[in-house]
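*Asks:* So you can see what is in the structure, the chains are spelled out below.
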Amino acid sequence: MKRRRFLQYLASSGLASMVAGEGIKAAYAPSMRYLRPPGSHDEKTFLAKCIRCGKCGESCPNRAIKFFSTENGLASLDTPFIIPREQACILCMKCGDICPTGAIPKIEYEADTILDGVHMGHARVDVNLCLSFQGKTCGVCYRACPLPDVALRVGMLEQPYVLDKCVGCGLCERSCIQIPQAIKVIPNHTSAS
Amino acid sequence: MENVKLEPSSKLRHLNKLRWLTLTTVFFMLILLPFIYLYQTYEAAHAYDLLTPTEKTISDSMESLTSPFVKDPEELDAIKGTTWSGTLFGLKLSDPLAVVGQVFASLSLYWPFILTAFIPLFATLLLGRFYCGWICPATLIYELNDNLAVWLRKAGLPVSRRKLDRRIKYVVLAVGLILSIYLGAALFASIYPPAIIGREIYYAIALGGFGAGAVFFLLTLLFDLMVSRRGFCRYVCPGGALYSLLGRYRLFRIKRNVTKCNDCAKCNVACQFGLDPLQDDFGMECNNCTACIASCPTDALGFTINMRDSAYQGPGHLGHQYKKEQEGS
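Chains as they are written, first to last, in our numbering: chain A, 1 to 193; chain B, 1 to 329.
No lab work stands behind these hints, which were simulated from the structure alone.
Please read these numbers as outputs of a predicted model, since none were measured by experiment.
A portion of the hints provided could be inaccurate.
Claimed, not checked - Interface residues of chain B toward chain A, partial, derived using beta-carbon atoms under 7 Å: (1) A44; (2) T116; (3) I178; (4) A186; (5) G211.
For every residue, glycine included, the Cβ atom is placed at its ideal position computed from N, Cα and C.
Could you put the whole structure together from the sequences, leaning on the hints where they help?
*Replies:* Take a look at the structure:
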């Protein structure tokens, strides 16, 4: 009899957890423009694989990786993120080395492997804001880009043109001297399946 | 002669001091590592002259602390992380609960990660819930909180010591696993105190403030004070549930030596988990913390290698009840 009551208890709490889960799912509604650490999979896989140990942040020499509280929904509580305008990723790949679960895959610190494996986002230039497009040669984003001429190319008057291989580290957005910034990284994780 | 006292001589009673030493060591490592991380970032930025006075203090003290051991601050990467998942000189160790939760959340087996839990898993199979008593950084705070409860009680404030159903925590574990599958996110990290402690200390030191987990942890402290002694560990903690299950047939367990026992029941008071050493009732909840051994005035408690607890052995042979029975028969 005791065991049966216990099983009933278990079943009903399972049902209750389903209902609670719906609530938590509803609370998950990303409204921020953030990047996941370099090499991360799409959002769904990332959330499933990450155990929220915080070691990626503890290994980031640039202190770019921060951690969500409840602002991005309960499902991404304590998961790592990067706001490129505040502090961008320098593509050192240390977080992938230390990640125990493969949520951030291990990627070698080589230009080829980084171009292959990292798809944090893609930079986009606002031509109306960009100084170089207004005739005031600037070119700061190009100087900041870790993959110049591979990810970002400049025209005669230093106008930036983002190339397909841009990995979305955000160093251009961080360096932009316009306020608001004329070059922005559009994250990949929201569009990827 | 009042000053001639029979001192208990067993060496096992010192294990409790050793346990406090390991608990505090783990806790201070969790505080030290974020500072070392800050020091590493200062070094990486080559910006010593630009640091604020506080940052310079951190940098200087960490440099003097670590320079005898390592030349390059980057070598300090050898020790990273928390008890939830950490790297120790190339050896990656993870909490078995992290692995179980992650396997359920991602519904896939990532062996490099699963293997990191093997050493803790093996130790748990041998020693039971030893993690809860010996390593868990939250245990340190919970035990201090329990001392606080004693003072509060002495001061006349109400401290509740209700008994709940121990099986609640298995329900928490099961529900958490179901929810992890359902939501596709490892939820235990948010409600598991040692994971919270490790993270929150790092947030507070390196990122400038506590996160949401700190609030949850404070609530568990209040739960321990206002509902039940060590209530969270005993009744709610999913990690405790997992370790209890794993340690059910542990080899090393505490056993009462009935010929030395005098029925003083100090062990039952010392046991924060509300177990009953006096009646030989340890069960799967015992975390081998050895607090009862340290409290025993006659050295009647010690370790044994056995898969099961012994059945109730009757009243202690040095106690009144046993003597009465002997005279009666």
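*Asks:* Each hint: holds or not?
*Replies:* Each hint, compared with the structure:
1. A44: 4 Å, holds
2. T116: 6 Å, holds
3. I178: Holds - the Cβ of I178 of chain B comes within 7 Å of chain A, reaching about 6 Å at its closest.
4. A186: Check passed: Cβ of A186 of chain B comes within 5 Å of chain A, closer than 7 Å.
5. G211: 5 Å, holds
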